[in-house]
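With the hints as extra help, turn the sequences into a complete structure.
Listed here are the chains, written in short residue letters.
2 protein chains.
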Amino acid sequence: MYKEIMENFSCVLKDGKETFVKFVSEKEMAEYLFSFPSSLIVADENASYAVPGERMNVLVLKSGEEMKNQESLFTIIRKALSISLSRSSTFISVGGGVVSDMTAFAASVYMRGAGLVLLPSTLLSMVDASLGGKSAIDFDNVKNLIGTFYPAEEVVIAPHLLKTLDDHQFFSGLGEVIKHAFLASDKTLFDFLVHEKERIISRDENTLGEMVYLSLLVKKDFIERDPEEKRGIRSALNLGHTFAHALESITNYKIPHGYAVSWGLSRAAELGVMMGITDKNLKDDIDFLLSLYGYDTSLRIRKEEIPLFLSYKEKDKKRGKNGVNFVLMRTYGDYVLTVPDESLLIKVIQE
Amino acid sequence: MYKEIMENFSCVLKDGKETFVKFVSEKEMAEYLFSFPSSLIVADENASYAVPGERMNVLVLKSGEEMKNQESLFTIIRKALSISLSRSSTFISVGGGVVSDMTAFAASVYMRGAGLVLLPSTLLSMVDASLGGKSAIDFDNVKNLIGTFYPAEEVVIAPHLLKTLDDHQFFSGLGEVIKHAFLASDKTLFDFLVHEKERIISRDENTLGEMVYLSLLVKKDFIERDPEEKRGIRSALNLGHTFAHALESITNYKIPHGYAVSWGLSRAAELGVMMGITDKNLKDDIDFLLSLYGYDTSLRIRKEEIPLFLSYKEKDKKRGKNGVNFVLMRTYGDYVLTVPDESLLIKVIQE
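Protein chains in written order, with numbering that gives the first Met the number 0: chain A, 0 to 350; chain Z, 0 to 350.
One or more hints might be untrue.
Heads up, simulated PhoX-like pairs for lysine-lysine below, C-alpha to C-alpha not over 25 Å straight-line [claimed, not checked]:
#1 Z:K229 / A:K16
#2 A:K314 / Z:K78
#3 Z:K314 / A:K78
#4 A:K78 / Z:K133
#5 Z:K302 / Z:K314
#6 Z:K16 / A:K229
#7 Z:K13 / A:K13
#8 A:K16 / Z:K13
#9 Z:K133 / A:K16
#10 A:K229 / Z:K133
#11 A:K16 / Z:K16
#12 A:K13 / Z:K16
#13 A:K78 / Z:K320
#14 A:K13 / Z:K133
Because the hints were derived from the structure by calculation, they are not lab data.
Right, here's the structure in full:
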């Protein structure tokens with residue numbers, strides 16, 4: 000089914016750089032991976048099964064957000080140096096958002112910038128980390144504090160990889176897809192998620208490919224309207240994320256990103272309604288879709304942890320003149336950036 | 000004298016970004032430094048005298064190439080985080096090339112890119128590190144292995160700072176000025192250096208300002224003709240540097256950069272003449288100018304250290320398809336990039 004709908008496309012990013020997004024079958028992927036004259040493949044251990052054979056130019060890293068640090072970065076750089084990569088060589092990541100963000104960062108700083116290809120292996124990294132040119136590592140417990148804008152030359156989507164994801168990882172990525180459904184200016188993705196639920200849950204490869212495609216189109220639209228992230232448009236992709244990042248920080252990244260985002264979505268919707276910004280119907284759609292897919296958003300923060308939550312919130316990168324901006328939806332595709340009163344904020348997060 | 004000649008100018012770099020170069024007096028510099036609403040001033044200890052008063056937002060780092068590492072980088076990032084810098088804040092370096100390269104790198108990766116101003120305090124950093132958009136740290140004994148292209152918004156030249164430089168540092172910077180004299184397509188800078196020697200040696204502020212200005216104009220010309228460093232034009236600024244970097248590596252950076260460059264200049268001239276590329280008159284001019292300013296280029300590498308030298312040479316970033324490219328001059332402003340025979344290379348460096 001999706002073959003008729005899905006198309007390779009390119010996305011224009013900062014400084015006019017382009018990322019080409021292409022969809023490949025299992026066979027095409029294997030051929031592609033070893034088609035580079037000089038490359039380093041960095042795979043996380045969950046995705047390493049997808050990298051055939053023992054090769055000099057493969058580095059396998061442990062999975063997990065706690066690995067997204069300077070030590071892993073230096074491991075990648077040392078490996079690149081040990082196989083004499085030059086600045087015209089290509090770094091290829093095969094894995095989730097952690098390894099792709101780190102590999103992208105390593106590529107962006109190795110000899111001041113080498114080639115970069117991302118082959119995301121998880122739903123989260125397919126719909127989020129892979130497109131947009133953002134690379135990063137965490138530092139001193141601040142997520143993505145150190146990073147660069149460095150668009151991949153190619154993002155390669157291989158939907159067959161999603162079939163073997165565990166549920167935990169799958170639903171983590173679905174949180175971002177749901178976010179995109181509300182950022183979209185029409186209900187195409189929302190309706191798709193509602194009507195195709197069975198095929199999505201049963202991991203039908205074609206349906207998942209189509210879902211990734213529709214989700215990436217929403218992201219592409221936001222990026223291209225604001226490639227420099229200066230107009231407050233691209234910032235909307237941060238919907239739910241200011242909540243999510245602070246939650247992840249106070250729980251030492253034990254909560255998966257997509258779950259944290261779904262929590263953040265529901266908190267932003269509640270805050271938005273409370274402030275008279277968010278349309279009640281939109282909040283209902285958000286609650287409906289999250290509950291349709293079984294997300295539990297009832298988590299609240301204990302009173303004694305609120306100050307820590309607020310201090311992490313303050314370190315968020317979306318800081319404007321008056322404080323950290325939250326993205327709050329009015330309705331589909333329509334949002335505002337605003338600094339909420341701390342008292343209201345506490346109301347929607349505190350136990 | 001220089002007031003009539005020197006002018007503020009702007010230089011167009013990669014991706015169309017511009018760096019504005021301005022010349023300031025001692026008084027103007029002090030006012031400028033504290034005119035930013037949110038900034039971190041990173042000074043090396045040699046230059047910290049130029050940063051007035053005790054301030055929360057000043058970080059003083061030890062001087063020296065051995066400090067140009069990941070630990071210093073993280074010290075800068077932690078300090079920025081501790082004073083709640085945002086991505087719209089400005090990192091200001093006051094110091095030599097080491098601190099300016101590191102501060103630039105920190106600014107380029109802090110929250111994926113904050114503001115950057117460079118105020119070079121040494122001759123070397125005024126004529127070399129400050130203009131061009133290159134940031135870096137050394138890693139695993141490879142100079143500038145990790146870095147970014149990240150042009151400063153402003154480079155502020157305060158010639159009065161050169162009056163108190165020790166001779167060692169002064170002559171280190173003069174090596175790059177001399178390099179620029181031969182890369183220039185006319186002999187303006189060469190003649191200036193020959194005729195103004197007395198005023199230069201006696202550190203006349205105006206004369207030094209003019210020398211920096213003339214030197215930067217040469218660099219600006221090369222950068223603007225090849226901002227992406229893809230046409231082999233900007234690579235010419237690497238004249239003498241492939242020799243110099245390898246020498247610095249095998250001596251653990253104990254030889255000052257400018258001395259290493261003057262050695263590299265003379266080695267490149269000898270190699271160029273040997274290969275029938277370099278005009279004998281140009282080689283004579285190079286030898287004359289280096290000796291006029293008292294540079295000793297007689298150093299040769301012991302036979303047992305040649306393999307190590309060659310292995311560091313191989314790690315040079317100027318690697319092309321056939322090996323590491325050397326810049327060899329034909330005559331003023333006219334050069335070739337070429338991979339010399341190893342046997343010839345050894346001839347000009349071995350004891």
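Hints, one by one, checked against the model:
no. : hint            : in the structure
1   : Z:K229 / A:K16  : holds, 16 Å
2   : A:K314 / Z:K78  : holds, 14 Å
3   : Z:K314 / A:K78  : holds, 14 Å
4   : A:K78 / Z:K133  : holds, 23 Å
5   : Z:K302 / Z:K314 : holds, 20 Å
6   : Z:K16 / A:K229  : holds, 16 Å
7   : Z:K13 / A:K13   : holds, 13 Å
8   : A:K16 / Z:K13   : holds, 12 Å
9   : Z:K133 / A:K16  : holds, 19 Å
10  : A:K229 / Z:K133 : holds, 24 Å
11  : A:K16 / Z:K16   : holds, 14 Å
12  : A:K13 / Z:K16   : holds, 12 Å
13  : A:K78 / Z:K320  : holds, 21 Å
14  : A:K13 / Z:K133  : holds, 19 Å
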